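**Q** Listed below are the residues making up each chain.
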Amino acid sequence: MSNNSKKILVIEDEEPVRKVIVDALQDLNCEVLEAKNGQEGLDIALSEHPGLVLLDLIMPKLAGQQVCERLRSDTWGKNVHVIILTNLDSKTEKEELKDLSVDDYLVKSNYKLEEIMEKVKKILLI
Amino acid sequence: MTDKEIQSVVDNRYQKIFELSPEAIILLDRTGKIIDVNNRLYDWLGYRPRDIIGRNVRSVSFLTSASKVMMLKKFSLRMLGNDVSPYDLFFVDKKGNEHIGQISSALIRNKSGKIISDLVMISEVTKQRQMEGDLKKFQLAVEGASDHIIITDPDGKILFANKAVEKITGFSRKKIIGQKAGSKLNWGGTMENAFYDRMWKTMKTKKVPFEAEIRNRKKNGEEYDAVASISPVLNKKDEVLFFVGMERDITKEKEVDRAKTEFVSLASHQLRTPLSTINWYSEMLLDGDVGKLNKGQREYLKEVYKGNQRMVDLVNALLNVSRLELGTFVIEPEKANIVDIAKSVIHEMKPQIEAEKIVFTQKYDNTIPDMMLDTKLIRMVIQNLLSNAVKYNSKKGKVDIKVKQNKKKKLVEVNISDTGMGILKGQQDKIFTKLFRADNAKERDTEGTGLGLYIVKSIIDHSGGKTWFKSEEGKGTTFYVTLPLKGMKKKEGTKELN
Chain A
1 MSNNSKKILV IEDEEPVRKV IVDALQDLNC EVLEAKNGQE GLDIALSEHP
51 GLVLLDLIMP KLAGQQVCER LRSDTWGKNV HVIILTNLDS KTEKEELKDL
101 SVDDYLVKSN YKLEEIMEKV KKILLI
Chain B
127 MTDKEIQSVV DNRYQKIFEL SPEAIILLDR TGKIIDVNNR LYDWLGYRPR
177 DIIGRNVRSV SFLTSASKVM MLKKFSLRML GNDVSPYDLF FVDKKGNEHI
227 GQISSALIRN KSGKIISDLV MISEVTKQRQ MEGDLKKFQL AVEGASDHII
277 ITDPDGKILF ANKAVEKITG FSRKKIIGQK AGSKLNWGGT MENAFYDRMW
327 KTMKTKKVPF EAEIRNRKKN GEEYDAVASI SPVLNKKDEV LFFVGMERDI
377 TKEKEVDRAK TEFVSLASHQ LRTPLSTINW YSEMLLDGDV GKLNKGQREY
427 LKEVYKGNQR MVDLVNALLN VSRLELGTFV IEPEKANIVD IAKSVIHEMK
477 PQIEAEKIVF TQKYDNTIPD MMLDTKLIRM VIQNLLSNAV KYNSKKGKVD
527 IKVKQNKKKK LVEVNISDTG MGILKGQQDK IFTKLFRADN AKERDTEGTG
577 LGLYIVKSII DHSGGKTWFK SEEGKGTTFY VTLPLKGMKK KEGTKELN
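Protein sequence lines correspond, in order, to chains A and B.
Residue numbering for the first sequence follows our numbering, beginning at 1 and increasing consecutively.
Residue numbering for the second sequence follows our numbering, beginning at 127 and increasing consecutively.
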């Protein structure tokens, strides 16, 4: 794992949601990067090479599914950890992401922030 | 025999025929005056020969006035030597009842060929005409129906197709008559062979109506969804005379369903987003992330958090209900053991069971084989029933779960019983109704959604099983759920329940 392992990128268009996730991640002593839409997120990911991307699905400019697709077609991005954090839960979305080997698919309202942080810690081995 | 004797025999014979004829016969002269009439008219309408002989048809009372006009018109044509094909007239008997008679007539000429008389024969056709009228009505109804209706012979070859068949499928009737119904030649061929096998088996061997949703193809290649219902029509020997097939195009209904599903999916997303924000911010506050809260603040915030959690549960339950109702949810069976599923649900619920100080007992039949089960759905069923048993129990009450196998009926049965408040007698029939909550349950726990048992029953219904209960007020309730040993059937869909 590269030295970027504790760098986390949060791609989320809802400002309050993004803020609270970022706060919680900072409590884990992680370096946190933020993006407010899919395109910005993709750009930051490709230049900053974080160890984990927390990715929303419905977003302006570029949807989460496409961000993930583009990441996977990049030599660095194909191995980066991705957790989908969304409030969509139909099979269609899950199927779209099936071949993109995401680490987890979490429906936001069904998880405590604490539980999500546990998952982050597990992936980043912290 | 002399000529006179021969003439007398001949006359006599004709007289006999005249008298014994099953038809009423009236002999008219050239002016339309009745010269003779047999007794049938009396049998039929109640008019004796002596009452009417000598009268002109213009003045008789056994014909309706319209029929009289018609008859005179035809009669004058006849007198000019024209052929007139048989026609119907309306008669009125002495009691005033109307009858229909079919008229045919034969001209009688003298030796020099001059028309001297018309022999009018009347056969009663009232019943026949009524039946024809009824038949016509049926025909018009079938023909004009908006549903696709066909009649086939026992081999499925089309004998009749109504107008809607042309309209819906695009195939002309002339073309499809004689073809096998629902074959690749016309609107069929899109379903799997097994489907058609089942269809013919149901109708030909079991001789019962077949009903199913079916996908057809129009002449222009476009596919459409229809609900088909095909019934065999049997004779007294129980042999199939023909099949009547009806289909209704439900493409539009399906589209509406799809739109609804999409709406539900997006609405749930929109509802969940603010809920997760409230959830996580309350969580951070409660954790003291932005400073320590005093006791009162903590208490209030906990209520906010709990209320929000309830909203999340409600949104999830409503989503599940809409997916169950729209039929858009998936069933993904995999090999699993129902006892293992039950044990894992119990393990998860341990804190709840312990908090209520419930005496918990369990009994499993170890011979239950692995079955094809959708673990997620079965978990949901057991979890709902168990949490009800705990929630609506008395303090330190008992909860018992049994999972057993009925080899004879090829079923597994899950029984979950409690020693709780029971379901009020007057409300037992409503207990599986969505959003319904029994009065005593509402009193105990104000937070239920009224959706749990509805979801349980829907899942079990979709899995080919049964759900029922026995309950006594103040003593407790036992819920029974069965599933076929062969397991759940795979169901394609777009949504999972959660």
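Keep in mind the hints are simulated off the structure, nothing from the lab.
Worth double-checking, as some hints may not be accurate.
Below, a list of computed lysine-lysine pairs in the PhoX-like style, where the Cα atoms sit at most 25 Å apart [claimed, not checked]:
hint, chain 1, residue 1, chain 2, residue 2
1, B, LYS568, B, LYS432
2, B, LYS556, A, LYS91
3, B, LYS386, A, LYS112
4, B, LYS476, B, LYS327
5, B, LYS461, B, LYS380
6, B, LYS332, B, LYS568
7, B, LYS306, B, LYS293
8, B, LYS612, A, LYS94
9, B, LYS502, A, LYS94
10, A, LYS112, B, LYS428
11, B, LYS592, A, LYS119
12, B, LYS489, B, LYS533
13, A, LYS119, B, LYS528
14, B, LYS380, A, LYS91
Given the structure is predicted, the values throughout are model-derived calculations rather than measurements.
**Q** Determine for every hint whether it applies to the structure shown.
**A** Do the hints match the structure? See the list:
For the proposed pair B/LYS568 and B/LYS432, the alpha carbon gap of about 18 Å is at most 25 Å, so the pair holds. Between B/LYS556 and A/LYS91 the CA atoms are separated by roughly 32 Å; this puts the pair beyond 25 Å, and the hint is violated. For the hint pairing B/LYS386 with A/LYS112, the CA-to-CA distance comes to about 30 Å; that exceeds 25 Å, so the pair is violated. Distance restraint check for B/LYS476 and B/LYS327: the Cα-Cα separation of roughly 51 Å exceeds the 25 Å cut-off, and the hinted pair is therefore not satisfied.
The hinted pair formed by B/LYS461 and B/LYS380 fails the criterion: a straight-line CA distance of about 32 Å is larger than 25 Å. About 49 Å separates the Cα atoms of B/LYS332 and B/LYS568, which puts this hinted pair outside 25 Å; it is violated. Restraint check for B/LYS306 and B/LYS293: the C-alpha separation of about 19 Å stays at or below 25 Å, so the hint holds. Proximity of B/LYS612 to A/LYS94 is assessed by CA-CA distance (about 28 Å); at most 25 Å being required, the pair is judged violated.
Under the criterion of a C-alpha separation no larger than 25 Å, the hint pairing B/LYS502 with A/LYS94 is consistent with the structure, at around 16 Å. Pair hint A/LYS112 plus B/LYS428 holds up; C-alpha atoms about 14 Å apart against a cutoff of 25 Å. For the proposed pair B/LYS592 and A/LYS119, the alpha carbon gap of about 39 Å is over 25 Å, so the pair is violated. At roughly 17 Å between alpha-carbon atoms, B/LYS489 and B/LYS533 fall within 25 Å of each other, so this suggested pair holds.
Only pairs whose Cα atoms come within 25 Å are accepted, and A/LYS119 paired with B/LYS528 is rejected, the gap being roughly 36 Å. Straight-line distance between C-alpha atoms of B/LYS380 and A/LYS91 comes to about 19 Å, which keeps the hinted pair within the 25 Å bound.
Consistency note: the structure conflicts with the earlier hints numbered 2, 3, 4, 5, 6, 8, 11 and 13.
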